[in-house]
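As they're listed, the protein sequences go chains A and B. Quick note, the first sequence lines up with residues 1 to 530 if you use full-length UniProt numbering. Quick note, the second sequence lines up with residues 1 to 530 if you use full-length UniProt numbering.
These are computed hints drawn from the structure, not numbers from a lab. Computed from a prediction, not measured in an experiment: that's the story for all the values here. Do not take every clue at face value.
Repeated chains share a single entry, so a pair holds when one copy, or any two copies, can fit it.
Derived PhoX-like pairs: lysine-lysine, alpha-carbon spacing no greater than 25 Å straight-line [to be verified]:
id, residue 1, residue 2
1, 177, 89
2, 92, 517
3, 208, 92
4, 463, 70
5, 177, 457
Protein chains: 2
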Amino acid sequence: SSLSAIGNTLSASVTVMLAPLLQRKRIVSSPNLSKSMIHITDPQKPNMTENGLGHRERVLNVDTMNPNVKRIEYAVRGPIVQRAVQIEKELKEGVKKPFTEVIKANIGDAHAMGQKPITFFRQVIALCVYPDLLEDDKFPEDAKNRAWRILQACGGGSLGAYSASSGIEVIRQDVAKYIEKRDSGIPSNPDDIYLSTGASDAIVTMLKLLTSGEGKTRTGVMISIPQYPLYSAALAELAAVQISYYLDEDKCWSLDVSELRRAVKAAREHCNPRALCIINPGNPTGQVQNRQCIEDVIRFAAEEHLFLMADEVYQDNVYMEGCQFHSFKKVLFEMGSEYSSVVELMVTDCTTWCGFRGGYMEVINMDPEVKLQLTKLVSVQLCPSITGQALLDLVVNPPQPDEPSYATFIKERTANLHILSEKAKMTEQVLNTIPGIHCNPVQGAMYTFPRLTLPEKAINAAKEQEQAPDMFYCMKLLEEMGICLVPGSGFGQRDGTYHFRMTILPATEKLKIVLEKIREFHKRFTEEFS
Amino acid sequence: SSLSAIGNTLSASVTVMLAPLLQRKRIVSSPNLSKSMIHITDPQKPNMTENGLGHRERVLNVDTMNPNVKRIEYAVRGPIVQRAVQIEKELKEGVKKPFTEVIKANIGDAHAMGQKPITFFRQVIALCVYPDLLEDDKFPEDAKNRAWRILQACGGGSLGAYSASSGIEVIRQDVAKYIEKRDSGIPSNPDDIYLSTGASDAIVTMLKLLTSGEGKTRTGVMISIPQYPLYSAALAELAAVQISYYLDEDKCWSLDVSELRRAVKAAREHCNPRALCIINPGNPTGQVQNRQCIEDVIRFAAEEHLFLMADEVYQDNVYMEGCQFHSFKKVLFEMGSEYSSVVELMVTDCTTWCGFRGGYMEVINMDPEVKLQLTKLVSVQLCPSITGQALLDLVVNPPQPDEPSYATFIKERTANLHILSEKAKMTEQVLNTIPGIHCNPVQGAMYTFPRLTLPEKAINAAKEQEQAPDMFYCMKLLEEMGICLVPGSGFGQRDGTYHFRMTILPATEKLKIVLEKIREFHKRFTEEFS
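Isolated chain A, as found in the complex:
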């Protein structure tokens, strides 16, 4: 496998690194020995060591390590991305390739793709980090006020102090106010808000709380297929049962409650279904759910007694005319107290400055004793990054119309969203002109998940190499064109269908290149294997 090939390379380089140091004795990675074996040779006492410690298995090797960790797959940063990094290094070293740069469209990393960071956010965080700048005339007053307010809430007036484990209180209050405003006044309680290290952290924490039981009573969690692989990875690590429900590709990746019913019914035979995860707007599928669908999902969760987890990290990214983001919480409360007082709901959101790892979750109808357990659980990691918390505060509490930074802020934010909206349309249009590729409208989020028609011969060639056909396709696309996408098999798809995920984030000119290269490659690939 490619894993063990890299393993061998690493092992060899470790030997080389240590060689000058280990004078008489040498570590030898003999190909006849298991890689997990440490083998010491001594020119004077071959196959012997003074302390008798040689020739033994490592304490920690692939056979003895946590089997749940082994079961994790995480395609977004999987082998194809590792190969892309390697190719970039080869290009730097002067290796000749049929392209001069690798374009990574595998991950929704806005800043890496050239999105301009909001100036106001940059200013406030810089002021917080280095408060001497509060004396500087170059910074607008509203940025200074915001920084001052955040610093007042930090231990010792420094971003370098720990916060409460659930996050800085004034920031949790700001998040609650933001949610209330978004949801037309439906109240949000700051005590229900937990700041987190990105949305991933919040999702994993929630899944952790939900997992219990053994065998047929083991917690089952319903996730969409295609899914964002954080979910399957977390469930694998927790040894919880993944219950897959399929989105309907023919109906623009919509969610049908009858499919939820089918999935939960089948799952009750072998596990205890306890939670239902929804990603809206969709990742990797880019659909935006309509209000009716959300109501149906809530009713289903209530009837089936499931804890609802709504991943709404792309709530600000809706492009398609006629589409609108509906928050699960708002719909839940508008359905009346027979639902809003019983359905347990957790909602996550995060900032688009991905590297700052800022996010939060809101929990609705959570058992008060479980909340105490949640608070305890998050306290073990002390607190989420304070810079991430501070950034989140700015996202939920941006410049107001009467403040000096407002005009620039609105201009920058609108420009970012406008460009994304254009790229969403362009991506769909161009991909749908390629014979053998079908692309649903990119209604929201930052991704598309187009379907590939692959020739039988290509599918067989992939199977010979023990690769998923779309992995085979994407790997060739990377090697021949320098375009890095993630194969659909990393997200899950109906058997016999093939997809890739690409983000629409690359700068317009680059995105055009990506799409044209896909066109050229797909044609060539289809001809090669027909």
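Following the hints, position chain B against chain A.
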């Protein structure tokens, strides 16, 4: 219990919050119902609901939640700290107390305690966050160069982009160089460095990899008693077996290999001991291990086939004359290749800007295939906070003698360490003048763990309240004096002994107040219960 009391309060306040919203129907937290039950009443249809969803258990309640999470204890942020926060609020609201402020000496949070953040670090991070400042004459050239170099290594030249999951490559290189320099040239490979979200993240990740098996084959992990409760919390969550070995309080909390032998032998009866965790300098105990002890530990790990985990986060904090920090890695390699080529070692370190959550681990002799699994595991959380990574880069690569910021940097750092050193001495001296308190020298780290002699009557009074006697003591100290410490029972201690942990971080004048208040309280407490 106090937990369920808080639970009731929360539950009541949720009802109040939702009351205006839920018009006809009301949520009632009836005392006759289990708290995990959701109960809907309707004035017109008492005890009935339209959709039949009322009167049922929550999906997620204390009976159905993850039992491993329930077993977690985390004293550093436990009930006493929650009470401290509550008292602070009461003070703000004007409630009269026998003190005017709560002094929190429960956590090693340098900035919160007033330690001045290093100016150079503040400048570079501010430049990274808001690169327009690179044009500003007020910033020294070396700060600008450093910021420029970090930004070049970031996606899109922005701290807001994701990095590689193991961290930014140039920063991993800088960490490796720093380790090499510290360890007199013993090589460090950047591929063995994984940046992390604080040291806690790295420790939990490593323990996760090590945990496997069931029943008698379940992974056992040796941790010191007293320990830093992150370890026991992580082991509880992973359902790994905690193997306690006791530090020798009478010998200044030193570590005796015969005690390790006793502990591992006993543990082999019921689990599979696979790892040994060491904290040096000690937390909560403040001792610094001598070289002989470290050699003995390494030999023991090799003989018993244990994976070594060395928590060296306080390596820069050694105060006592005659004490010196010895890195486990350096000692391992100086013991010769019969050890350095077989002992699997993981070492962690982090920055003192706690809120930035910057840390790293170095892994030595790790199986190459396990390293791939580790890389995959950390990739699920995408990457550690980039601001934390950037800060770590400055810690390991501070201003050099020929650079403009050097003089100020050295002055600031030396002042911080000098003050800590004085406070370490003062703490020991003052506490040892209090009859009934015995305090070992604070050789390093930021804590002391003094032993309390408690009157029999106090111990009985605590037992009547179902409290650990030192929790009873610390809670009274908090209520009567406004001093927040952590009871020794949260860290583990020999049966029948009682301690508290306090950090030496409060500003000198405040530390004096803390120590005098402890003196006054201890005298009063002893009299009250004698």
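Each hint tested on the structure:
1. 177 to 89: This pair counts as between: shortest inter-copy Cα distance 21 Å, intra-copy 47 Å.
2. 92 to 517: within (22 Å within a copy, 64 Å between copies)
3. 208 to 92: The answer is neither: 42 Å in one copy and 36 Å across copies each exceed 25 Å.
4. 463 to 70: within (23 Å within a copy, 46 Å between copies)
5. 177 to 457: Result: close neither inside a copy nor across copies, 57 Å intra and 50 Å inter.
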